[in-house]
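Can you make the complete structure from the sequences, with help from the hints?
Below, each chain spelled out in residue letters.
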Amino acid sequence: MSRIPGAFKKGKAFIAFLTAGDPDLETTEKLVFEMELAGADIVELGIPFSDPIAEGPVIQEADLRALASGTTTNKIFEMVKRIREKSQIPLVFLTYINPVFKYGYDSFFAKCKEVGIDGIIIPDLPFEEQAEVHEFSGKHGIDLVPLVAPTSEDRIKKIAAAAEGYLYVVSSLGVTGMRTEIKTDLKSIIDVAKETAKVPIAVGFGINTPEQAAKISKIADGVIVGSAIVKIIAENGCDSVKPVGEYVRGMKGAM
Amino acid sequence: MANGRFGIHGGQYIPETLMNEIQNLEKAYLHYKDDKDFNSELTDLLNNYAGRPSLLYYAEKMSRDLGGAKVYLKREDLNHTGSHKINNVLGQVLLAKKMGKTRVIAETGAGQHGVACATAAALLGMDCEIFMGKEDTERQKLNVYRMELLGSKVNVVMSGTQTLKDAVNETMREWVSRVADTHYALGSVMGPHPFPMIVRDFQSVISREARAQILEKEGKLPAAVIACVGGGSNAMGTFYHFLEDKSVRLIGCEAAGLGVDTEKHAATIAKGTLGIFHGMKSYFCQNSEGQIAPVYSISAGLDYPGIGPEHAHLHDEGRAEYVPVTDEEAVLAFEYLSRTEGIIPAIESAHAVSYAMKIAPDLPKTQSIIICLSGRGDKDVAAIARYRGVNLHE
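Chains as they are written, first to last, in my numbering: chain A, 1 to 255; chain B, 1 to 394.
None of these hints come from the bench; they were simulated from the model. Fair warning: there could be bad hints in the mix.
[As the list claims (entries may be wrong)] Listed next, the in silico BS3-like pairs over lysine-lysine satisfying Cα-Cα at most 30 Å (straight line): (1) A:102 x B:264; (2) A:183 x A:9; (3) B:264 x A:75; (4) A:183 x B:153; (5) A:158 x B:27; (6) B:97 x A:183; (7) A:215 x A:198; (8) B:27 x A:157.
[Stated by the list, open to error] DEER-style ranges, computed between Cβ atoms: (9) B:124 x A:75: 48 to 54 Å; (10) B:36 x A:57: 18 to 24 Å; (11) A:81 x B:124: 55 to 61 Å; (12) A:78 x B:274: 44 to 50 Å; (13) A:78 x B:3: 48 to 54 Å; (14) A:188 x B:386: 33 to 39 Å; (15) A:110 x B:151: 53 to 59 Å; (16) B:381 x A:188: 56 to 62 Å; (17) B:177 x A:243: 36 to 42 Å.
[What the hints assert, rightly or not] Some chain A residues near chain B, calculated using beta-carbon distances under 10 Å: (18) 136; (19) 140; (20) 149; (21) 174.
Being a predicted model, the structure only gives us computed values, none of them experimental. Heads up, the beta-carbon is just placed ideally off N, CA and C, and yes, glycines get one too.
Right under this line is the structure:
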């Protein structure tokens, strides 16, 4: 059973992203526990990829640091296993299609289930290409969390209807990264999505201040923050546990 | 499953932000490709601006020297801007204009596609931005300045390996950021559907002409057609109208860099494995974790870790052969063609020349082979001099 629905039952969910293995997996493990303590409701773990085309510079660099530190998909699975000995926080992978394809869909999702992963987000897997993945993510009970973008228009309803876990609404055009202002008419996208979605709706891309989190949590069920957290990790390395905890506490508190 | 499959290859593995745009592109292309006005406009540009049809030149001295099959060169190097890239770019920029776009963006490796794009944008009155890896801007400085002269902005890509793959990444990131007024004029038969189809169709003018030209000159089909392959656009254009002629060998020459037994190559068919990257399922140079490998070739235009999905399919089916050619072999062919025929080929095209030099002697004199001379070599002269230890103080 996916742990994701539980995360949205106690109010608005704060969803925290970080790249697994940045700067190393030991620190990632500590960060997951700290973020849970600080109020994160779901943690998205990035499996690093050499060429993350949907990411801005902050997460691109995190991916390269993680790969340079020797992070592999199997080492991430082992880390998740260790986390699961102490924590039941919902964990969602975020990665690109090639590392999953190369691992083998069936073995990848079997392993996800075995170690206790709840869902997966694949930014370069649009609705039309999901079938080959869903056959195996579904077989092993891993939620396939889809994205809708400001340009999705008439695609929103069908994507929302098929969404599992939650629906990831991309707040702005472009790649991931902190933005001072989010101009997209999110409310109208969310209203359309709600007509068909059977899962909660979370907004991500660009969110980094408590004010933004407060504003978006009024219209969405969850707020996703990645680059702002990754930036703190980039600046503090192995000593990032405390500052990341403080940051998450501030964001969750504003929602 | 999405459209645009070549066997198991192809597809549309791209961010959701681009999906509506790419579906609109497909619709627009399917409409205009059979539109009379569009086609007469494009034909006029190709004939009266780019200089088509390109010559099919009988390389008599080279043929005599090699002592076997008659060697013909399809002279895409004589096109305006100096390579086959203009064929695709005129088509795509015209299409983008019809779609109401005001801006084109593109990746470039050697700078050939970037220069062609900048040229078409200047002619057709579009804004243009080119993304080029830092390493490539250094080895192809002249082309950077050419693009700027033509009124384009050149963005130097500092991420990753700072070559063609990263230029594609950055152009995709730019497209995701600004899609409404912008067309991504992809330069090869790669990326998400419909690009492999669109680029192939626009490049297929090469084999449409070459097939008619060789029949006129020789009265029969060639034994083989040979082209270099990075993403594979000149090769796909050269193969296309010969696909049904089963007697014609189709040979793609990949960049083997320092050799396929080293880590310094870009030979995707020889050394790559099945993967999904840059919007397509195809073969890629990658490690066991699915991380894309840093590839290498003396030729910036072939320095790409993947290959277009239709080539991957032609390989699977055995319809086309793909062979590795090293830096050294390509440089020798570059020098050989210059000396023998007075034609300086692009170092990319020299990979195809090299393989032709290998097979021509073993074929009878009654047979012919066609090499696609995809570009001219002026841009490479300084790099070849460096390779030979000569410093030209450019």
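Which constraints among the numbered hints does this structure fail? Numbers only, ascending.
10, 12, 13, 14, 17, 18 and 19
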